[in-house]
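Could you build the full structure based on these sequences and the hints that come with them?
There are 2 protein chains.
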Amino acid sequence: MMLTPNQLNFSGGPGALPESVLQQVQQAIIAVPDVGLSILGISHRSDWFANVMHELEHNVRSLLGLPPNYHVLMLQGGATQQFSMIPMTWLRGSTEAADYLHTGYWSGKSLTEAQREGPMRVLWQGGAIGNATPLSHTPSSIPFSRLPMDDELDFNPRAPYFHYISNETVEGLQFQRVLGRDDVPRVCDMSSDFLSRPCEAERYSLIYAHAQKNLGPAGVTVVVLRDEWLLQAKQDAPGFLDYRTHIAAHSIYNTPPVFAIYVVLLVTRWLLNEVGGLANMHAINTAKAARLYQVIDESDGFYRSRAAVADRSLMNVTFNLPSVEHEQKFLAAAQQAGFSGLAGHRSVGGIRASIYNGLTQEAVDALAGFMKVFRGLN
Amino acid sequence: MMLTPNQLNFSGGPGALPESVLQQVQQAIIAVPDVGLSILGISHRSDWFANVMHELEHNVRSLLGLPPNYHVLMLQGGATQQFSMIPMTWLRGSTEAADYLHTGYWSGKSLTEAQREGPMRVLWQGGAIGNATPLSHTPSSIPFSRLPMDDELDFNPRAPYFHYISNETVEGLQFQRVLGRDDVPRVCDMSSDFLSRPCEAERYSLIYAHAQKNLGPAGVTVVVLRDEWLLQAKQDAPGFLDYRTHIAAHSIYNTPPVFAIYVVLLVTRWLLNEVGGLANMHAINTAKAARLYQVIDESDGFYRSRAAVADRSLMNVTFNLPSVEHEQKFLAAAQQAGFSGLAGHRSVGGIRASIYNGLTQEAVDALAGFMKVFRGLN
Chain C
50 MMLTPNQLNF
60 SGGPGALPES
70 VLQQVQQAII
80 AVPDVGLSIL
90 GISHRSDWFA
100 NVMHELEHNV
110 RSLLGLPPNY
120 HVLMLQGGAT
130 QQFSMIPMTW
140 LRGSTEAADY
150 LHTGYWSGKS
160 LTEAQREGPM
170 RVLWQGGAIG
180 NATPLSHTPS
190 SIPFSRLPMD
200 DELDFNPRAP
210 YFHYISNETV
220 EGLQFQRVLG
230 RDDVPRVCDM
240 SSDFLSRPCE
250 AERYSLIYAH
260 AQKNLGPAGV
270 TVVVLRDEWL
280 LQAKQDAPGF
290 LDYRTHIAAH
300 SIYNTPPVFA
310 IYVVLLVTRW
320 LLNEVGGLAN
330 MHAINTAKAA
340 RLYQVIDESD
350 GFYRSRAAVA
360 DRSLMNVTFN
370 LPSVEHEQKF
380 LAAAQQAGFS
390 GLAGHRSVGG
400 IRASIYNGLT
410 QEAVDALAGF
420 MKVFRGLN
Chain V
50 MMLTPNQLNF
60 SGGPGALPES
70 VLQQVQQAII
80 AVPDVGLSIL
90 GISHRSDWFA
100 NVMHELEHNV
110 RSLLGLPPNY
120 HVLMLQGGAT
130 QQFSMIPMTW
140 LRGSTEAADY
150 LHTGYWSGKS
160 LTEAQREGPM
170 RVLWQGGAIG
180 NATPLSHTPS
190 SIPFSRLPMD
200 DELDFNPRAP
210 YFHYISNETV
220 EGLQFQRVLG
230 RDDVPRVCDM
240 SSDFLSRPCE
250 AERYSLIYAH
260 AQKNLGPAGV
270 TVVVLRDEWL
280 LQAKQDAPGF
290 LDYRTHIAAH
300 SIYNTPPVFA
310 IYVVLLVTRW
320 LLNEVGGLAN
330 MHAINTAKAA
340 RLYQVIDESD
350 GFYRSRAAVA
360 DRSLMNVTFN
370 LPSVEHEQKF
380 LAAAQQAGFS
390 GLAGHRSVGG
400 IRASIYNGLT
410 QEAVDALAGF
420 MKVFRGLN
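Residue numbers (this note's numbering), protein chains in the order written: chain C, 50 to 427; chain V, 50 to 427.
Read the hints as simulated data drawn from the structure, not as lab findings. Accuracy of the hints is not assured; some may be wrong.
Listed below are the simulated EDC-like cross-link pairs for lysine to aspartate or glutamate, each with C-alpha atoms no more than 20 Å apart in a straight line [as the list claims (entries may be wrong)]:
hint : chain 1 : residue 1 : chain 2 : residue 2
1    : V       : Lys-421   : V       : Asp-346
2    : C       : Lys-421   : C       : Asp-349
3    : V       : Lys-158   : C       : Asp-285
4    : C       : Lys-421   : C       : Glu-374
5    : C       : Lys-421   : C       : Glu-347
6    : V       : Lys-378   : C       : Glu-374
7    : V       : Lys-283   : V       : Asp-96
8    : V       : Lys-421   : V       : Glu-323
9    : V       : Lys-421   : V       : Glu-374
10   : C       : Lys-378   : V       : Asp-291
11   : V       : Lys-158   : C       : Glu-374
12   : C       : Lys-158   : V       : Asp-285
13   : V       : Lys-421   : V       : Asp-349
14   : C       : Lys-158   : V       : Asp-346
For clarity, every value in this text was computed on a predicted model and none was experimentally measured.
Structure, rendered in structure tokens:
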């Protein structure tokens, strides 16, 4: 007996994956075609898995249009491990400070780990809509409802690198441009919007993204890394914290999360063959987000977007209702109607509709319809 | 259309999982019962996942008979990360050396990472059957065909800890007793035999085991840690490398590998409810191994066991044939007959039949039958 899903998944992550991918995964649990073994019991040293890694790297290169001087790695430990590995590798012992942006909950986490490893400077913290917030060290009181404009950022041309997060999932803020200077290594946490749109990857020295938003299940993290930047890397870390070890071992320095990597492969195949590439994916994601923002904007203030219009995320649509009571009623009614995972992040409350690659236009349309009906009744 | 597995999986790891577990996993890929969402898209902050973690911890405690002063953690990074985290936490800054055993390929890896973090001493290295091997630093030339006896080990009562590996998967050597002094913190890598037999967990300060042999898919590592030992822990590591962070966060300091953890839960349920506990599992594993060793021992030297009889592993049965040509012919014929993963580790060659918890007696009997037939024909 097979159950079918009876909930549409708007969770902030882990998030929904494409149905055609899930069907292939389901088959692979018992036996991977052409192998005859469960995906959960195939050796990472097998020829089959070598082909998985090879095709996956090829697909990521193809989707991003990546030049040959980039490495594509599949690591463990999530974005959290990258928060540390990056400053361990390029900040320890530096006299110049790295530049960081603090644009929301998750970039806040990246600051703490960088500070532990070397000198760093927070270029921007905040801010409220309409004005920048003075830098402070009491993050809990900082509003994050808009992103900085270029003329608000004073980049240091001698910084060892500049780090930012392209999409803040908690606040629903997303940069719609590449930030920073082309002569300073640019590092970006794209955990929540990687492969959701074209990203000009060749302008970054390092991009990282955990899988559990747009790419696959939790447990694997993609790193795209420019070879030349490794010349500046420190060499004193244990192997599992050293990018060069993972490059030399083609991401199997130690046993990798075989299953999670296989699912990411299937998602990249889906992006290439069913969606038709990142420009198409971007168009689909834009249409999905527009549908929800339209309902919000046409609600006469019943639904209030948390993010400044110019910085609205295509991945996480965050909004409030007139009161906390309205929001609780909304969440309960939505759950009842088959919409799952709509509660805002525990640090900010409110509502968050996460509409990653795997969530369909039909699911978004259904939520938009529900929102209109709910508004009419309340 | 559902494929069925057409290969019996004797891989060194990731290894075979129980069929009843795979069937439940297959259903969960589309929708977890009582949740209505794919296991790949369920939030680690959901009530459902909190229950998964709670039950899993309870099951591990129950299987091991663990006292309440132990923590049970689910981490990323495999045994490799533990090779570093342990000396980072208890060896950095120490003036006394930790005691390590070098009994095979994998314990060799643990030495390298310990040496990086603080003073350590290799108590034993080798050895050939019949005599101990002098300590040397040319591991590739060291034979590993037996384990040390108690009177060959001179433990330091002031060591910050003693570290060993209970089962060497490459060589097929397994300790059949608890090693070390009760007054020195005892640390054991049980990656390849955890939950395959009772282990007197309360005599260890720390036990760790990656999942991909007996517990589940690659991507999660179980750590069992005595609370009191944390009082001696250093406090200067980033959060993801600090056991206390993971304890305080109940293993969701950052997004955990939700899927892999769910599979481990199903395996612990299987151990408790279908197998009936670790004593029963041990009896089954003993019978499985005995079947293969019997064929080897009754082959008039055609099959030659690599391990000393007293130290033979119940998990990895390693042997050679009269020549490399015989071995190649054996592997090809076995693959043809539906036996997968029998090649020995690339560092030693030969044949290795890995017979973890999930592999059935029937599969082992089939291999034993094949071995007899092959011998008769060659």
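Hint-by-hint comparison with the structure:
1. V:Lys-421 x V:Asp-346: Judged against 20 Å, a Cα distance of about 12 Å means the pair holds.
2. C:Lys-421 x C:Asp-349: holds (12 Å)
3. V:Lys-158 x C:Asp-285: Roughly 17 Å separates the two Cα atoms, so the pair holds.
4. C:Lys-421 x C:Glu-374: The hint holds at about 18 Å.
5. C:Lys-421 x C:Glu-347: holds (10 Å)
6. V:Lys-378 x C:Glu-374: This hinted pair is violated, its Cα atoms lying about 72 Å apart.
7. V:Lys-283 x V:Asp-96: Violated, at about 33 Å.
8. V:Lys-421 x V:Glu-323: violated (31 Å)
9. V:Lys-421 x V:Glu-374: Given pair V:Lys-421, V:Glu-374 holds - Cα atoms ~18 Å apart, limit 20 Å.
10. C:Lys-378 x V:Asp-291: The given pair, whose Cα atoms are some 40 Å apart, is violated under the 20 Å limit.
11. V:Lys-158 x C:Glu-374: The hint is violated at about 57 Å.
12. C:Lys-158 x V:Asp-285: holds (17 Å)
13. V:Lys-421 x V:Asp-349: holds (12 Å)
14. C:Lys-158 x V:Asp-346: violated (59 Å)
Consistency note: the structure conflicts with the earlier hints numbered 6, 7, 8, 10, 11, 14.
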